[in-house]
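> Since chain Z is already given, all that's left is putting chain H with the ligands on it; use the hints.
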Amino acid sequence: MSVSDMQPPVVDLEEQQFARAKRRESIAKWALPAIMLALAIYSWDRIVVWNDIPHYILPRPGLVMQTLTADWAMLSDALWVTLKITLMALGVAVVGGVGLAVLFTQSRYFEMAFYPFAVILQVTPVVAIAPLIFIYVDNRLAGLLLCAWIVAFFPILSNTTLGLNSTDHNLRDLYKIYGATRWQRLRYLQLPTALPYFLGGLRIAGGLSLIGAVVAEYVAGTGGIGSGLAFRILEAGYRLNIPRMFAALLLIAVTGVVIFTLASLLSHALLHKWHESAIKREN
Amino acid sequence: MGQRDELLQMSNVDKVFNGSVEALKDLNLTVNQGDFISLLGPSGCGKSTALRLIAGLMRQTSGQIIWNGGLNEGDLGVVFQEPTLMPWATVEQNVWLPHRLRGKSMDDVRGDIMWALKMVGLENFQKSYPRELSGGMKMRVSIARALVTQPRLILMDEPFAALDEITRHKLNNDLLMLRDKLKCTVIFVTHSVFESVFLSDRIVVMAARPGRVSAEVTVDAPYPRTEEFRTSADYADLCRKASDALHGAMNQHGERASA
Ligand SMILES: Nc1ncnc2c1ncn2[C@@H]1O[C@H](COP(=O)(O)OP(=O)(O)OP(=O)(O)O)[C@@H](O)[C@H]1O
Ligand SMILES: [Mg+2]
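Residue numbers (the working numbering), protein chains in the order written: chain Z, 1 to 283; chain H, 1001 to 1259.
Any given hint could be a false lead.
Okay, the calculated bits of chain H under chain Z, using three or more residues with CB under 8 angstroms as the criterion [stated by the list, open to error]: (1) 1078 to 1085; (2) 1238 to 1245.
Short derived list, chain Z residues pointing at chain H, Cβ under 10 angstroms [claimed, not checked]: (3) Ser107; (4) Glu111; (5) Ala113; (6) Asn170; (7) Leu174; (8) Tyr175; (9) Tyr178; (10) Gly179; (11) Leu189; (12) Leu271; (13) Trp274; (14) Glu276.
Just so you know, the hints here were simulated from the structure itself, not pulled from any lab data. The structure displayed is predicted, hence computed values, not measured ones. Even for Gly, the Cβ is constructed at its ideal location relative to N, Cα and C.
Just chain Z, same shape as in the assembly:
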């Protein structure tokens, strides 16, 4: 080996700039939202102090946190109830949405017959259906679950149906040439093809099932033991306990963010090996 071979690799100016820009971006990706959030909370606090806003109109962020810890026993119970309904609704939406989508792709006629019902359920606002549901369904939990499910299942159904129908036509021919059964085609070709579509639907449905659970509880309105965050907000509103309203609201927002993050992580875990959406390219 000659000496010239030992020299460090040449990094030109553009490459350096590029590397620096990338590093800056990766820091900003986390730092910027954190700073903006902190800034927003700080200005909220300042606005309350400077304008002498009474806490029963707009509490300071600190007071919200105090309330959150003081009322934690009650609020955590409520959080658990809302969370339970949300996750159960999401679970049923996944099973129902994927199940229906599979049935739809197995038979065009089945799809023609039942797709309109899915659309009608989807386009009718859940607040409009909910009162009826609570008249017909005695069990409160079942009613809440039904409402949340109606909101959440459609994105999963429509995304999964689209995915199951998006198989590569050459691969379909190949399966036919090799004599694949319906079941083999579904399992080895259609379901994997539909996976990224389904996961996209799951991310939307996660947020929607939370919305569905909250909205349904507003409509259901009855309280007592076993009531969720939405009812606690209503109740605190009647009593003009604004800090508690904020505390409950905060819990709902955090729950939504956590659900979305988990769905995104799941998506990444399942797709990063092969799917274009999960592949990071230079430039």
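Structure of chain H with the ligands alone, referenced to chain Z:
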């Protein structure tokens, strides 16, 4: 070369789409064991349609396609213009597919899979995902998948058309080597006169509207064919011959269109 056994016979095959588009009209073709046949012709002359009929992906409107000894499982291998791999599956899982669809577990056929991958020079890429491979390597995986059942007939529909010239030459050479080792029969669709002359022992030139056989050129150059063959005078002569036949086929089409 000696007389070859007949493998497949297409006689008086017609295919009409939508009651009016005559994709194939009165197509006659005999495929013998060990043949390397190129289907050469202008776009829309029914080359892919002919392959799809042979593969059983659709039925002819009339006429007959007869397999000598019947068509059994694993008799056919297919390679399309795109590699057509499953992106979520590794290289070995992709090659496993034909066996898997016949209910065989990976462990049962690991030997076959490794053999097929070795044939195309990818034995070190079993665990790779398609996106990690270059275009030429993906095509090799596709070929390995077609080989894995040791089929009697391999159908290839413009398999190298989307590759660059250097990769295409390399794959042409490797395909001939494979075919020499396996003694398999190949029907190869291409738009390239040069490719068809380099690879095949029979070139079936097709004309369009309606799709039919217009001429057949026999390439009597001996195998193995190497890069030297590409630059030989024989090769140039044969290319001219095939090219003339192709232009003949296109003019027939032109006369009909203007008439
Ligand atoms: N499924 C179909 N329905 C209707 N028409 C079709 C269908 N498939 C093929 N055709 C028509 O049949 C004719 C032959 O098509 P084919 O794809 O076999 O041509 P080709 O020789 O493979 O062309 P290319 O070189 O462009 O691939 C064309 O005119 C095409 O439009
Ligand atoms: Mg074609």
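> A separate judgement is required for each hint: does it hold in the structure or not?
Taking the hints in turn, this is what the structure says about them:
Evaluation of the coverage hint for the segment 1078 to 1085 of chain H: fulfilled, as 4 residues show C-beta separations to chain Z shorter than 8 angstroms, against a requirement of three. Coverage of the segment 1238 to 1245 of chain H by chain Z is violated [criterion: at least 3 residues with CB-CB distance below 8 angstroms; count 0]. Contact between Ser107 of chain Z and chain H, as hinted, is not supported at the beta carbon level, the nearest pair being about 22 angstroms apart and thus beyond 10 angstroms. With a least beta-carbon distance of about 24 angstroms to chain H, the hint placing Glu111 of chain Z at the interface is violated under the 10 angstroms criterion.
Proximity of Ala113 of chain Z to chain H is violated relative to the hint, the smallest CB-CB distance being about 28 angstroms (cut-off 10 angstroms). Given hint, Asn170 of chain Z at the interface with chain H, holds; its Cβ is 4 angstroms from that chain's nearest Cβ, closer than 10 angstroms. Satisfaction of the interface hint for Leu174 of chain Z is found here, the shortest Cβ-Cβ separation to chain H being roughly 6 angstroms, below the 10 angstroms cut-off. Taken as an interface hint, Tyr175 of chain Z checks out: its beta carbon lies about 7 angstroms from the nearest beta carbon of chain H, inside 10 angstroms.
Evaluation of the Tyr178 of chain Z hint against chain H yields a held restraint, the C-beta minimum of about 4 angstroms falling below 10 angstroms. Because the smallest distance between the Cβ of Gly179 of chain Z and any Cβ of chain H comes to about 6 angstroms, under 10 angstroms, the interface hint for this residue holds. Interface restraint check for Leu189 of chain Z: the shortest CB-CB distance to chain H comes to about 7 angstroms, inside 10 angstroms, so the restraint holds. The beta carbon of Leu271 of chain Z comes within 9 angstroms of a beta carbon in chain H, closer than 10 angstroms, and the hint placing it at the interface holds.
Annotation: interface hint on Trp274 of chain Z holds; nearest CB of chain H at approximately 5 angstroms, less than 10 angstroms. Taken as an interface hint, Glu276 of chain Z checks out: its beta carbon lies about 8 angstroms from the nearest beta carbon of chain H, inside 10 angstroms.
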